[in-house]
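Line by line, the protein sequences give chains A and B. Its first residue numbered 1, the first sequence is counted upward by one per residue in the numbering used here. Its first residue numbered 1, the second sequence is counted upward by one per residue in the numbering used here.
Where hints are given, some of them may not hold.
[Unchecked claim] Listed below are several chain B residues computed to face chain A (Cβ distance under 10 Å; list not exhaustive):
1) Thr255
2) Thr257
3) Asp266
4) His289
5) Ala345
6) Ser450
7) Ala451
8) Val460
9) Ala464
10) Glu532
11) Glu547
12) Glu549
13) Arg553
These aren't lab readings, by the way, just hints derived from the structure by calculation. Think of the CB as a built atom: it goes at the ideal place given N, C-alpha and C, for glycine as much as any other residue.
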Amino acid sequence: MTEALLVLEDGRTFRGESYGATGTTVGEAVFSTGMTGYQETLTDPSYAGQIITMTAPHVGNTGVNGEDDESRRMWVAGFVVRDPARRPANWRATGSLDDELVAQGVVGISGIDTRALTRHLRDRGAMRAGISTELDQAELLARVTASDSMTGADLAPGVSASEPYVVPAVGEKRFTIAALDLGIKTATPRYLAELGVETHVLPATATAEQLLEAGIDGVFVSNGPGDPAAADYAVAAVRGVLEARRPLFGICFGNQILGRALGLGTYKLRFGHRGLNQPVLDRVSGTVRVTSHNHGFAVDAPLDRPTDTPFGPVEVSHVGLNDQVVEGLRLLETPAFSVQFHPEAAAGPHDANPLFGRFVDLMEANKEGSAVTPAPVVESSTGEKA
Amino acid sequence: MPKRADLQHVLVIGSGPIVIGQASEFDYSGTQACRVLKAEGLRVSLVNSNPATIMTDPEVADATYIEPLTPEFVERVIAKERPDAVLATLGGQTALNIAIGLFENGVLDKYGVQLIGADVEAINRGEDRQRFKDIVRSIGADAPRSTVCGTVEEALATAEEVGYPVVIRPSFTMGGLGSGIATDEPMLRRMAGHGLADSPVHTVLIEESVLGWKEYELELMRDRSDNVVVICSIENIDAMGVHTGDSVTVAPAMTLTDREYQQMRDVGIAVLREVGVETGGCNIQFAVHPETGRLVVIEMNPRVSRSSALASKATGFPIAKIAAKLAIGYTLDEITNDITGVTPASFEPSLDYVVVKIPRFAFEKFPGADPRLTTTMKSVGEVMAMGRNFTEALGKAMRSTETTAAGFWTDAAEPADAAALVDKLRTPVDGRLYTAQRALAAGATVAEVSAASGYDEWFVDQIAMVNEIGEQVRAAPSLTPELLRLAKRHGLSDRQVAALRPELAGEDGVRVLRWRLGIRPVYKTVDTCAAEFAARTPYHYSSYDEENEVEPRTKAAVLILGSGPNRIGQGVEFDYSCVHAVMALQDAGYEAVMVNCNPETVSTDYDTADRLYFEPLTFEDVLEVVEAERAAGPVAGVICTLGGQTPLALAQRLKDAGVPVLGTSPEAIDAAEDRGEFSRVLSDTGLLAPKHGMATTFAQAQDIAATIGYPVLVRPSYVLGGRGMEIVYDDATLESYIRKATDVSTDHPVLVDRFLEDAIEIDVDALYDGTDLYLGGVMEHIEEAGIHSGDSACALPPITLGGADLRGIRAATEALAARIGVRGLMNVQYALKDDVLYVLEANPRASRTVPFVSKATAVQLAKAAARIAVGETIASLRTAGVLPATGDGTDLPVDGPISVKEAVLPFHRFRTVEGQGVDTILGPEMKSTGEVMGIDAEFGTAFAKSQAAAYGDLPTSGTVFVSLANRDKRAAIFPVKRLADLGFRVLATEGTAQVLRRNGVACEVVGKFSDGPGNCVERIQSGEVDLVVNTPFGTPGNGGPRLDGYEIRAAAVGMGIPCITTVQGMAATVQGVEALRRGDLGVRSLQELHQVLADAQAAKARG
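Assemble the whole structure, with the sequences as input and the hints as a guide.
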């Protein structure tokens, strides 16, 4: 049993056992309250640069399998769990999580009071941290305080696909879109494909021209890691799409990029939203959805009235009920909308899944020329329109 | 959406007596509902026949009807109260069935009453198995293949189609009554027959077996804006085939990936919507094939269930409370999460701990009952434990059950090899986890144990890990701090460590070492959100982790130790007293701290006490809580006398450990419980006990029996609920009793008492403060002596005792209380024979009858007891209005109401291995699971109500079977004649028939039980008898009238028809039958009845 050390930038230290790879890692310490889906979380590019604490004590119970990865590799900077499984137990498991963490070089720590760590981060905010199996506390703290902060970090190009690729529609192709890959998860093009959408995934630095060229019917702006204020290239690309009035849908980082493209500000939340149980009010339909979240930044927009932008007024379409954070934007005169949470789930509940249908409806309407703005669609979370 | 404006008055239907499959969780949910509705400004009426509930406390609802839960009586309540709506989804299957009945017979329409929380169509869609399956398939989900059958032949044909084994599930029964698995045709034939009879609509579902599949449950809630949330996922460690109520379960689910879990969630939500549960909670059960992952929906409860109570306690999300708010129109996002105080209820709880539930069984009470666990629920209670990992929660849950073994290694086991142990795992029985550990210790692999038991490999591996840690503890040259810490982190108790390291001088030695090393638990908080938001409710559980979350406090705290898992002899009645203590201590300015491990209770509602510790009630766990609270602020002491035997057994050790034990001292408890000590108490007070002696061998017992004369009552010392008691008539039976009583030793002798036949048995609950006695109530048993008081019907005030008797009882009680040193509640059982009062036993603690007495006399005894425990006096409590200003339970006004308590027995739930009914003999060992109360102006009507509440209405016509003891024949002529005049057909045994005929009562003679075919027992079992009157008398030997009586009683219980065993009862029954025929058996609320009592007392005080 190898000992491991977790040190936060404010000096708080936890001593536990090594889990996954040995060595030293630094990143932003955050916590996720999801009780399922560690494989999806570990491979979600939005977690790049972060040391994730799982609040659920048992991790690794179902091992890993070949189907649940959300991207080509694990992205987390470090992994903190309380009780790792000794053996995987699931009919789909092809290996153990521990082995996979070692294989992918993810440095982790186990056996610490993850609830104490979570409470610390909740009260003092997400902060830089390090895990090491080789340094002492002082050395590790020095490494942590010397590391870059998440604020101002431009991480999307590092996780994005380097070359464009295409995810074909399932069955008859109805639409073709371009997806700006700022850290896209595989679930997104998969859901779109099921709706007859062919997705051309383009690297993070793709320009508006490239997006508009590849995306005949619409443009999708994906989730991703880092500070949206550092991703001016994406903001510029989105502005180009808006100017072209091509239907646009953004998720998570994509929501923040859309916000910035509209001239709204973004800011860092104290400890962010990371979990699978977050209630979000759809202000258009009046229904509450339980949604999957993973965001440390949020859009700053007034909740009580639309805001004027160069692309017409934008309203806050979704609000997080726990803390009244902006969880979605909807332009009233331009065919664009976005959400801060994850309708593609993976991991998480599928309540918000119908939003992909809303994007398809928007493209449909745009094609027919009958509407240029997202129609107020009232839908239940099963996707049936009421 | 805000609260509905059209509702001003809601009738809540409770769940009635505690029975297997429907226990005190519905007191928890119903109490929450009533409180919520009242807080919302609605008038709340409540009907529930169970007095041992917090919900029937007069302050919980505006009008509380302790009336039988039959459609007829509930209609009377509706007619009187004229509510706008009925809420029936929080009272279990009983309430739901009544609601359906009232809908179908047009009563709801007639009075313009809406059903809120769920409509009848939705209930039918959820509960009608075939319609439910169709719904499941219509939303694209899968269900086991099956057919609903109305005859045994149809059942057999279906089994041929889907292949054996098949599952039999009778429609509309609760707790899986009558269901099971048939592996071949004869088995199916028999089980389908029973199932068709058990089903109120006489259909059974025959279904493809999913035996051995992984079993899961989801608890969901929906509001009228169609917002749906999943409160909790529950994974059963016992695979499909064991009723979920009998399974060891874990929350959250441990072995599902997100993909599988979300698929289950999607299906659950779609089913909920399609069934159309508009608002409220529901529970959906799933099975997952362990190798293919095929997910099938098994069933749904469109109401708050036992699992909802568990889920509420497991997550901190109060399902019943929220369901009540949703029923009156709120939506989830409009309701604040109590725990955080800032976030809405429209979220899904996230757990950063693991919850384990273990059922508690009572097979020792039902010799001959098949101990195999099947799809029929057999457990009588459950415990829940939380830990920061599975092993910690498992260890705590195992020691919470208060069985002989308190976790691995704590009981002696027969040595066996791995193969034999693995083989044993194939049959699900109570305690199978122990066998799994033994098999692993003996060398079986995780895969072998998993294959044989059906436990998922992950769980087996966890047990294997505990086993490895145990072996390390056993084998280590010395117990290092690291190893001890590891053991504690994985749930090992000091007692378990002591069992593995005998040189450590037992549990106390381990604790001393552990404390010296500073290895102490911390207390974490149940906060619904995995620490994402701060919690405002101090709902704690222990863990061997780093950070302690107990907040400092300034007010002095009193810890109240609860009663642990419900079991026969220790159930909801004790929880009632604990909850009352909490309220009383809060009123007196203390912080009330509750410690308990039973998720089915009001006491473990985080809303009840100021602080809640969900912890095992073992010495180690309680002492750590005391220490944690001492570190947080001043602790006035611990109350051990309200939760039954569980906390009482801890009193002395806690005191020895320097913990202030409030109320009656452990020494006084010992004076009452130790037979030798108690003899001195009796001789000092000049009171008589039946002649008795103590024996540790058969020879000694035989000598005593010879001296005092048969029949004798034999029992072990220190028992509750009469465990192991028997009435013995001869040497041979005595010898066999002593031989069976394996744990007889010098420390635990057998008590041999003279059994008083034909005595009147009396129960007394009283308070004593060192100076004054307040006699709460005198209960006269309606049953003959020799039946355990918990199983007997009784009346309060006593119906045949005069003023002199009552004065004698009062004086005796006062003398006992003073001599024992009671400071609080005491229960005394007396027998009055030939005008001589004998003391049978005295228990210086809250008894099972406290809630009944409190409801009958409008005086809350447990509250007074808690105040006495912290130093108040009866005089001061009289001044404070907690007790009446003058008088007590011995001088109740003659024109006040009369209350009758009747026991409810679980015999019909048990069958022998061969599938026959179990022996239903009642005796000195308590067997009832619950009780009902009938209260009315006179004894007859009160009695009729108690019978209606326990068995359904008394018959108003039909056939009565009469078999009387000689001494009763004369007295019974008139009531039997009256029944005949009312049109009853009379069947009688020969001797009785002769007397009846001579007195002009036409009757048909039927044979005694001993007469063979066509005898009275068979006639009862055939269903032709509607009422049984049987007054037995004791004679030694087998096959005599006493045994006949038992058989008759057993048959009546089995058929669920009233069985009257005394002449008083019979006269009362006739009055009840007449009242029913007149149709004027009225209903009155407890508040009105208590007012009558108060007025009568005031009138009396004025003279």
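Evaluated hints:
{"no.": "1", "hint": "Thr255", "result": "holds, 5 Å"}
{"no.": "2", "hint": "Thr257", "result": "holds, 5 Å"}
{"no.": "3", "hint": "Asp266", "result": "holds, 6 Å"}
{"no.": "4", "hint": "His289", "result": "holds, 8 Å"}
{"no.": "5", "hint": "Ala345", "result": "holds, 9 Å"}
{"no.": "6", "hint": "Ser450", "result": "holds, 9 Å"}
{"no.": "7", "hint": "Ala451", "result": "violated, 13 Å"}
{"no.": "8", "hint": "Val460", "result": "holds, 9 Å"}
{"no.": "9", "hint": "Ala464", "result": "holds, 8 Å"}
{"no.": "10", "hint": "Glu532", "result": "holds, 5 Å"}
{"no.": "11", "hint": "Glu547", "result": "holds, 4 Å"}
{"no.": "12", "hint": "Glu549", "result": "holds, 8 Å"}
{"no.": "13", "hint": "Arg553", "result": "violated, 20 Å"}
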